[in-house]
Amino acid sequence: MVLLEGVYIGAMRSYGKRGRIQDAVDMFERMDFFGCEPSTMSYNAIMNILVEYKYFDQAHKVYLRMLDKGLVPDVYTYTIRIKSFCRTWRPQAALRLLRNMPDRGCDLNAVAYCTVVSGLYKEDHRAEACSLFDEMLEKEICPDIVTFNKVLHVLCQKGDALESNKLIVKVLKRGTVMNLFTYNILIQGLCKGSKLVEAVSLMDHMGDGLAPDVVTYNTLICGLCKNSKVVEAEKYLSEMSNKGCAPDDFSYNTIIDGKGYLPDVFTFNTLIDGYCKLLKLDTALLIVDRMWNHGLTPDAITYNTVLNCLCKTGKAKDVMETFREMLSKGCVPNVITYNIVIESLCKVHKVKEASDLLVKMINEGLSPDIVSFSTLIHGFCRNSDIDGAYELFRKMEQDKFFATTDTYNIMICAFSDNLNIHMAEKLFGEMSSKNCSPNDYTYHVLIKGFCKTGNTDRACEFLIAMIEKSLIPSMATFGRVINCLCAAYRIEVAVGIIHIMVSNNVVPEVVHSILSSDKREIAAPKILVEELMKKGHITYHAYELLFFVQEISHRGVSRLNKAKDKRNCQIGGTSLTWHFSVDPRQCAIWSHPWFRIMFTSGIPISQTSRDLEDK
Numbered sequence: 001m002v003l004l005e006g007v008y009i010g011a012m013r014s015y016g017k018r019g020r021i022q023d024a025v026d027m028f029e030r031m032d033f034f035g036c037e038p039s040t041m042s043y044n045a046i047m048n049i050l051v052e053y054k055y056f057d058q059a060h061k062v063y064l065r066m067l068d069k070g071l072v073p074d075v076y077t078y079t080i081r082i083k084s085f086c087r088t089w090r091p092q093a094a095l096r097l098l099r100n101m102p103d104r105g106c107d108l109n110a111v112a113y114c115t116v117v118s119g120l121y122k123e124d125h126r127a128e129a130c131s132l133f134d135e136m137l138e139k140e141i142c143p144d145i146v147t148f149n150k151v152l153h154v155l156c157q158k159g160d161a162l163e164s165n166k167l168i169v170k171v172l173k174r175g176t177v178m179n180l181f182t183y184n185i186l187i188q189g190l191c192k193g194s195k196l197v198e199a200v201s202l203m204d205h206m207g208d209g210l211a212p213d214v215v216t217y218n219t220l221i222c223g224l225c226k227n228s229k230v231v232e233a234e235k236y237l238s239e240m241s242n243k244g245c246a247p248d249d250f251s252y253n254t255i256i257d258g259k260g261y262l263p264d265v266f267t268f269n270t271l272i273d274g275y276c277k278l279l280k281l282d283t284a285l286l287i288v289d290r291m292w293n294h295g296l297t298p299d300a301i302t303y304n305t306v307l308n309c310l311c312k313t314g315k316a317k318d319v320m321e322t323f324r325e326m327l328s329k330g331c332v333p334n335v336i337t338y339n340i341v342i343e344s345l346c347k348v349h350k351v352k353e354a355s356d357l358l359v360k361m362i363n364e365g366l367s368p369d370i371v372s373f374s375t376l377i378h379g380f381c382r383n384s385d386i387d388g389a390y391e392l393f394r395k396m397e398q399d400k401f402f403a404t405t406d407t408y409n410i411m412i413c414a415f416s417d418n419l420n421i422h423m424a425e426k427l428f429g430e431m432s433s434k435n436c437s438p439n440d441y442t443y444h445v446l447i448k449g450f451c452k453t454g455n456t457d458r459a460c461e462f463l464i465a466m467i468e469k470s471l472i473p474s475m476a477t478f479g480r481v482i483n484c485l486c487a488a489y490r491i492e493v494a495v496g497i498i499h500i501m502v503s504n505n506v507v508p509e510v511v512h513s514i515l516s517s518d519k520r521e522i523a524a525p526k527i528l529v530e531e532l533m534k535k536g537h538i539t540y541h542a543y544e545l546l547f548f549v550q551e552i553s554h555r556g557v558s559r560l561n562k563a564k565d566k567r568n569c570q571i572g573g574t575s576l577t578w579h580f581s582v583d584p585r586q587c588a589i590w591s592h593p594w595f596r597i598m599f600t601s602g603i604p605i606s607q608t609s610r611d612l613e614d615k
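In terms of the UniProt record's numbering, the sequence shown is numbered consecutively and its last residue is 615.
Some clues are possibly wrong.
[To be verified] Label pairs and their calculated CB-CB ranges: (1) 441 x 420: 14 to 20 Å; (2) 420 x 331: 53 to 59 Å; (3) 356 x 420: 25 to 31 Å; (4) 53 x 474: 41 to 47 Å.
[Said to hold, decoys possible] Pairs of lysine-lysine residues, derived as BS3-like cross-links and limited to a Cα-Cα distance of at most 30 Å, are as follows: (5) 329 x 347; (6) 158 x 170; (7) 347 x 315; (8) 139 x 166; (9) 317 x 280; (10) 452 x 360; (11) 395 x 426; (12) 350 x 277; (13) 69 x 158; (14) 395 x 54; (15) 173 x 195; (16) 395 x 312; (17) 277 x 122.
To be clear, the hints were calculated from the coordinates, so they are not data collected in a lab. C-beta atoms are modelled at their ideal positions from N, C-alpha and C, and glycine is treated no differently.
With the sequences and hints as input, model every part of the structure.
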């Protein structure tokens, strides 16, 4: 029976490798029919195939069926489940399962650990991922190089070379030896992070017995081209061929065609991309013509590269001409092509034509993606058609296209700019339920909208919420809120904001040159206020109010009176009397610890000058 089950498992895996998922499932379902009851091994095999091809719901059903049959999951079952959680952006669920494995009689292994570590890194939970990796090594569980490479690949896809190096040092100390695939992953990550000098150095200093292969060279040359270093790319193509590493279909051998290497479409496309990044459109178009001379037909990627460059440089007329040429020569556009042309039309206020193009794309059997809808929504907003944008936004959801953070930002910004802050805040509230995390831009446009409508309380609340999420506002955003508070004579809260800026290091560079910490604490707020004024982030009115607060705070009442007499300042009919529309202490944000900072003199700002003289 075990032998027969092994045959079924082998057949399922064979189908899985060839992408024949239905055949693999059919093979699994036949086992019972032919008297071979599936064991945990068989369930693991079919679950793994389903997870690999992203059939996560079906894999979960198989797991439940396995439990119903009374079968006991093993370490491989749980590792597959962990992989499923990580691939559906649920690393915390994967971590919980990892923690529960010992209680379920399963020893933890490197594959299970590294799968969770990869999932955490992928979702930017860096601290947790690093801690879990260290925990694994402390338990003397060291991954082999194949397992470790998978973690490394996730980091390098994010361009996180620093974290990659930290992990490499840790595993090398435990005897793990890097292979060629490790080097290729690292070089790819360095290129992605535009660290080309380090990438070249790493290739030149590979371990003993290792030499760059075609993948290594292609990765480095691709990185050089993407960073507009076409000349350097040429040198490495020459070196590649001279060292006996023959370029393949993915090599950029057009540059060295004098050495006998025939270019293909991919070669031309990469060169065109390199020249477009340098904004050398004329050269890029000449290379397109050369393709025909070599008997090669430009494909959608060729035209997309040129169209994108034309669009980015604002040549809408040329975009349409190139698009028509593409169609006339029988080249079939893809979704990316349509997205570029839609963006170009929206930029020149031809939203109707852009909408028609979206309809045409659907009629031709192409499914628009979230970029298609977001681009058109942005086009409506640019043309002040907020109703049209919102209608398309809701239609997109009805058609099962889920908005991203960027899509929400477009709509929130549009409503905020049009002072419909109620709708902007409503959409902000939706984001968490739609698994969209607000970013710094989301908060920026909402704060801007609250300030425009004079809602200082909400502006301050969102500013604090932004900081609590480790999204540090720009000096301009802080300045906008300070302006709004000063306009309402809410000076205590405005000064609280100034202190928040100082505590979060949002200060001019000159502040860091003040070595004494007590002097820095006194000088930083004043320098900051002057910088805000100089940069145009606050009005002169706000500057004057904050100037007098500094006088009260740090120079004493007598110095203040001199400054008051000199400037002859009258605020609200009484010298230095602050009029608050709402008592700042009653403000919801006043309870925040940052706003408990008071001035060294201990004199409340809301007192009048007469009160000060009495003291």
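Practice task
List, from low to high, the hint numbers that the structure doesn't satisfy.
Solution key: Structure breaks hints 2, 10 and 13.
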